[in-house]
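Mind docking chain B on chain A? Use the hints.
Protein sequence lines, in the order shown, are assigned to chains A and B. If you count by this note's numbering, then the first sequence holds residues 1 to 115, one letter each, in order. If you count by this note's numbering, then the second sequence holds residues 1001 to 1113, one letter each, in order.
Worth double-checking, as some hints may not be accurate.
[Said to hold, decoys possible] Cross-link-like lysine to any residue pairs, in silico, SDA-like; alpha carbons within 20 angstroms at most:
#  : chain 1 : residue 1 : chain 2 : residue 2
1  : A       : Lys-38    : B       : Lys-1013
2  : A       : Lys-107   : B       : Pro-1039
3  : B       : Lys-1003  : A       : Lys-110
4  : B       : Lys-1003  : A       : Ile-49
5  : A       : Lys-3     : B       : Ser-1080
6  : B       : Lys-1013  : B       : Gly-1063
7  : A       : Lys-3     : B       : Arg-1109
8  : A       : Lys-3     : B       : Leu-1041
9  : A       : Lys-107   : B       : Gly-1042
10 : A       : Lys-110   : B       : Arg-1044
[As the list claims (entries may be wrong)] Computed far set for chain A versus chain B, every beta-carbon distance over 12 angstroms:
#  : residue
11 : Thr-9
12 : Ile-11
13 : Glu-17
14 : Asp-18
15 : Val-24
16 : Glu-26
17 : Phe-47
18 : Val-84
[Unchecked claim] Here are the in silico distance ranges between beta carbons for each label pair:
#  : chain 1 : residue 1 : chain 2 : residue 2 : range
19 : A       : Ser-71    : B       : Arg-1109  : 24 to 32 angstroms
20 : A       : Pro-115   : B       : Lys-1057  : 40 to 48 angstroms
21 : A       : Gln-83    : B       : Arg-1009  : 25 to 33 angstroms
22 : B       : Val-1052  : A       : Asp-55    : 27 to 35 angstroms
23 : A       : Pro-40    : B       : Ser-1008  : 16 to 24 angstroms
24 : A       : Thr-72    : B       : Arg-1009  : 38 to 46 angstroms
25 : B       : Glu-1072  : A       : Asn-114   : 37 to 45 angstroms
26 : A       : Glu-59    : B       : Pro-1106  : 26 to 34 angstroms
27 : A       : Arg-63    : B       : Glu-1056  : 17 to 25 angstroms
Simulated from the structure, these hints should not be mistaken for laboratory data. The beta carbon of each residue, even a glycine, is placed where N, CA and C say it ideally should be.
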Amino acid sequence: AQKVTQAQTEISVVEKEDVTLDCVYETRDTTYYLFWYKQPPSGELVFLIRRNSFDEQNEISGRYSWNFQKSTSSFNFTITASQVVDSAVYFCALNPQGGSEKLVFGKGTKLTVNP
Amino acid sequence: DVKVTQSSRYLVKRTGEKVFLECVQDMDHENMFWYRQDPGLGLRLIYFSYDVKMKEKGDIPEGYSVSREKKERFSLILESASTNQTSMYLCASSFPGTDYEQYFGPGTRLTVT
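The following block holds chain B by itself, in its conformation from the complex:
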C-alpha cells in the first residue's frame, strides 16, 4: 500500500527555534512536495523536489529551506520559526509527469509560540 509518513502529527515550537519536518515515502517516487494549508487560503506549495539534491521554489518559499539527500526522504526546515509559520504542513510525493496523482501524508500541525 502506498505510504507517505510525516515525523510528527503535532508540534509546538518557540519563536526563533530551528524546526525540522520530515517526510518519508516508500513508493520510489521521484517527486516530493511540501505544502502549507491555512484556512481560507487552501494549499500553497512551499518547495518541490524532482530528484535527490534537486529542488525548486514553490509559491511561498520565504522563511523555509529543504533538504533531499535520499530519494525517499524530504525535509522541510524552518531556520528561525516565527508565529506566522503556525500552520498545517502537508508532504506529498508522485511519479514524474503531469498525469500522475500526488500522494499525501497525514500532515503536521505546527504551532509556533
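Chain A extracted, bound-state conformation:
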C-alpha cells in the first residue's frame, strides 16, 4: 500500500524561527518520486520540489531545505528563518513508479508564521 503521513496537523511559529515539517511515506516500490507542494491562502497548490528515490542528497534552495532519508522513509522539509509569507498548508506527496501516475498526498501541515 502507498501512504504518506504528515503527523503535524498544525504548526505555529514566530517569524525568524526555523521550522521542520515532517513527511513519512510507505511504498513497496524501489523507484518512486516524492514531492512537496505549498498551498497559500489563495488556494492554488504550488510545486516546490521533486526527489527520486535514488537521489538521497539533501537539497537547499534559499531558506528551504529538504532532507531525504530512505532508511527512515522520510522526506522532511525545513524552513530557515521563517517569514509571514511562509504561512500556508504544505503537502508531501508520493508517486510510485509502479503506480498509474497518481499522486498519493499526505493530509497536509498548516504552518502559521506570526510576526
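Frame of chain A; chain B shown alone:
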C-alpha cells in the same frame, strides 16, 4: 508561463442541480486530474484522464463523472448535486510519467445548498 485555469472560483448551487466544473490547461499536458479538498481529509482524487476521451476512477468517483473531449479541457460533472459535495475542487495537469510534477489550478469552492 504554465497555466491551469478553472471556470469559477466560487459557485453556489442547489441540491439536485447538474453542475459543470471546467478546467483548461495550456501546457499540452496529457494527464489531467480532479481532486476535492476537505478539512482534515487532504486532497482526494476523484478522476484522472491520461488522454483525450480516456479516464480512470480515482479514490472517490461516486456521484461524479468527467468529460475530456479536447486535450486541454477536462470537465467534472456532478449529475445531481448533494450537500455532501460542498467542497473545494482542484484541477491539475502533468506530462505522463511518475517523475513529472502536477500543476494546479486556483480551485473552485462549491457550495451546495
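Status of the hints after comparison with the structure:
no. : hint                                       : in the structure
1   : A:Lys-38 / B:Lys-1013                      : violated (29 angstroms)
2   : A:Lys-107 / B:Pro-1039                     : holds (9 angstroms)
3   : B:Lys-1003 / A:Lys-110                     : violated (25 angstroms)
4   : B:Lys-1003 / A:Ile-49                      : holds (18 angstroms)
5   : A:Lys-3 / B:Ser-1080                       : violated (32 angstroms)
6   : B:Lys-1013 / B:Gly-1063                    : holds (15 angstroms)
7   : A:Lys-3 / B:Arg-1109                       : violated (27 angstroms)
8   : A:Lys-3 / B:Leu-1041                       : holds (13 angstroms)
9   : A:Lys-107 / B:Gly-1042                     : holds (4 angstroms)
10  : A:Lys-110 / B:Arg-1044                     : holds (17 angstroms)
11  : Thr-9                                      : violated (8 angstroms)
12  : Ile-11                                     : holds (16 angstroms)
13  : Glu-17                                     : holds (25 angstroms)
14  : Asp-18                                     : holds (25 angstroms)
15  : Val-24                                     : holds (15 angstroms)
16  : Glu-26                                     : holds (15 angstroms)
17  : Phe-47                                     : violated (4 angstroms)
18  : Val-84                                     : holds (21 angstroms)
19  : A:Ser-71 / B:Arg-1109: 24 to 32 angstroms  : violated (41 angstroms)
20  : A:Pro-115 / B:Lys-1057: 40 to 48 angstroms : holds (45 angstroms)
21  : A:Gln-83 / B:Arg-1009: 25 to 33 angstroms  : holds (26 angstroms)
22  : B:Val-1052 / A:Asp-55: 27 to 35 angstroms  : holds (34 angstroms)
23  : A:Pro-40 / B:Ser-1008: 16 to 24 angstroms  : holds (20 angstroms)
24  : A:Thr-72 / B:Arg-1009: 38 to 46 angstroms  : holds (40 angstroms)
25  : B:Glu-1072 / A:Asn-114: 37 to 45 angstroms : holds (41 angstroms)
26  : A:Glu-59 / B:Pro-1106: 26 to 34 angstroms  : holds (27 angstroms)
27  : A:Arg-63 / B:Glu-1056: 17 to 25 angstroms  : violated (38 angstroms)
Violated hints for the displayed structure, listed by number in ascending order: 1, 3, 5, 7, 11, 17, 19 and 27.
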